[in-house]
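As you go down the protein sequences, you meet chains A and B in turn.
Heads up: the first sequence begins at 1 in this note's numbering, then just goes up one per residue.
Heads up: the second sequence begins at 1 in this note's numbering, then just goes up one per residue.
Calculated directly from the structure, the hints in this document are not laboratory data.
All C-beta atoms in this analysis are idealised placements derived from N, C-alpha and C, irrespective of residue type, glycine included.
Treat the hints with care, since some could be wrong.
Which residues of chain B face chain A? A partial, calculated answer using Cβ under 7 Å [claimed, not checked]: (1) I172; (2) F186; (3) G229; (4) L232.
Here are the computed distance ranges between Cβ atoms for each label pair [what the hints assert, rightly or not]: (5) A:A169 with B:A107: 41 to 47 Å; (6) B:Q7 with A:G232: 45 to 51 Å; (7) B:L135 with A:E149: 50 to 56 Å; (8) B:D71 with A:R235: 33 to 39 Å; (9) B:S65 with A:D166: 30 to 36 Å; (10) A:E324 with B:Q7: 34 to 40 Å; (11) A:D166 with B:N109: 37 to 43 Å; (12) B:L135 with A:N44: 36 to 42 Å; (13) B:Y198 with A:A169: 52 to 58 Å; (14) A:R421 with B:S65: 29 to 35 Å; (15) A:T212 with B:K165: 37 to 43 Å; (16) B:K165 with A:P184: 36 to 42 Å; (17) B:A225 with A:A228: 43 to 49 Å.
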Amino acid sequence: MKFTWFNLMPWPYLPDDFREKHHSVWVDIDQRLFDPEKSNAVYNTYMDLLEYADTLGFDGIGVNEHHQNGYGIMPSPNIIAAGLARRTKNAALVVLGNSIALYNPPVRVAEEFAMLDCISGGRLVAGFPVGTSMDTNFCYGQIPALTREKYAEAHDLIIRAWTERDPFAFNGRYNKLRHVNIWPRPIQQPRPPVHIPGGGSVETYDFCIDNTYSYSYLSFSGYLRAQALMDGYWRRVEERGAPDKSPYRAGFAQTICVAETDEEAERLYWPHVSYFYNRCLHVYPGFADAPGYRTIKTIQTGALSQYAPPRGGYTELTWKDLVEGGHVIAGSPETVRQRLEELAKGLHVGNIFCLMHVGDMPADKCMYSTKLFAEKVMPKLRNVFPEFASDDRFWIHPMNKRAVPGSLGPEVTTAPGASVRIPIPAE
Amino acid sequence: MESKTVQTRHAPVRYLEAGAGEPLVFLHGAGGMTENDPILAELASRFHVYAPFIPGYGETEECESMRDMLDFALHGWDVVEALGLKNPILVGHSMGGMIAAEMAALAPNDVSRLALICPAGLWLDDHPIVDIFSLLPFEMPKYLFHDPEKGAAQMTSGLDMSDPKFLQTYLIRNARQMGMAGKLLFPIPERGLAERLYRVTAKTVIVWGESDKLIPPIYGPAFQAKIAGASLVNIPEAGHMVIAEKAAEVARAVEAVA
């Protein structure tokens, strides 16, 4: 199993009456609710927590991209990942990901991801989401019915830019580039592992299966509600004739809170879980799904946006609702272990994106939960899929001997002597 | 009203045909068209009306290879050609008005009479047009009608939004229609028409509902200023759906340029 510690980076100061008084947490959220000076501590604490997870042995630390969003203040995950690349040692940098249809030209993503891979010594997991309709259409103005075509073109361009060794011309519909020739290119060969976040469209299943990419279902509603969707994915893996059903072909995001006991978990974490589920997810339904964004085929399968309001409207969810409904896996290490094992086996997923910072959770509680997870849960779940233990197609291949940031040595006050540059293999 | 099909490069196009006399092509707006639309009956009592469904609407399949304004305008001319019409009166409402104006700018020698009914296509920073793509169905009537209650009743008569099966049909129809419309209208319904309207030589009438809250009536003079000799008819007690609320008045205004 691969565990990635994930932080959505919610703004922790949304008012109590946010859902009643405000139109939406996303797209047209009130500017005045953001306090730039407070964000200084918020950002740095969130990055500290990601770095802390690396020291505890998580396989990865994860960031993602959202725009104009009160529960995800990370419009550029690459900036956060660059900071993490320098201050972490072993964890994969799981950037899940860059919405590649938004970059003009998308070689920008090929370049920035290559930089991250180079700086981190080959620790990048590259995520290529289509992007939510809120981000891609309503915030970034992409035409809904053309978004997927533009995405597909961006993907082809990035992969070619990473893998071809000579400059090439790219005559796309959305990108006309006469000289594609990125500098730098990634350390990992032939390319960094790719994960694709999806929300149940068959086209995305096929895209992952055909390219040996891992399919990530980043839901907030937990593993019990994900069963039908993931079953659909595995059915498709079989239909499509994939050579294996490795659980690492899939990832799943799950909110997780660990304490000494189940009671302590409720007492410690309930306010923050409530903040997230009852406040942060207040998305105006008109922004959930611009017509044309989802394909007709996908709508016909009945897959609706997870941001569409629940039938009958919102209700105030309780701790019991959320824990029993599987939105949140919370409790003692043993409770959490049992339920995560159920999740991994039930959904057949090898990559778990652990949403361990929840809502407005303060750093101390988050560290407590994270440490308990790392020490008392993670080790017991390492070997859920022994038959796929050697499957490394969906994970990083870092360099063995990596540069140590901040190791310039003592100050130099006299003229250095001639030093010999070691030639690179291509020379 | 007869329903027929004509072949074009992009899709087999379904169209409604009725009336007698001068040929008139009517291009519907982003909300679509039905054969019961009052404007069609009013126009058909004066002209020989051809009203094609734009790809994605009605029984005309959506078309992936139509992506931008030029594709839509040329498709419009393809339809005119396929119908065997020469110099028809060109009428368009809202998005259809945007396409009709573009067609007239593109091929000024092929159209000598043009009616634009609260057309989309221009953008005034001081008068932003509502984002129709983020509106929920129940929010639409107040932007579309002078009398929203009556309009809402017309829009939803016989529809049951609480029936999941209907809801899915609705979502699919909306995705097809507005998915195609988004290629012209999303996120801002402006594709450079202002730069090209100088080419329009047709005798042109611009018609606006005085209570239009979707594309405010101030856009009327903006269009008028860019099309040489265009006349402007403002119709009271009518909103953006002036073609439903005051269909006879609209048809009379069209008659004046015919």
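Hints breached by this structure = The structure breaks hints 3, 4, 5, 6, 7, 10, 11, 13, 14, 16, 17; every other hint is satisfied.
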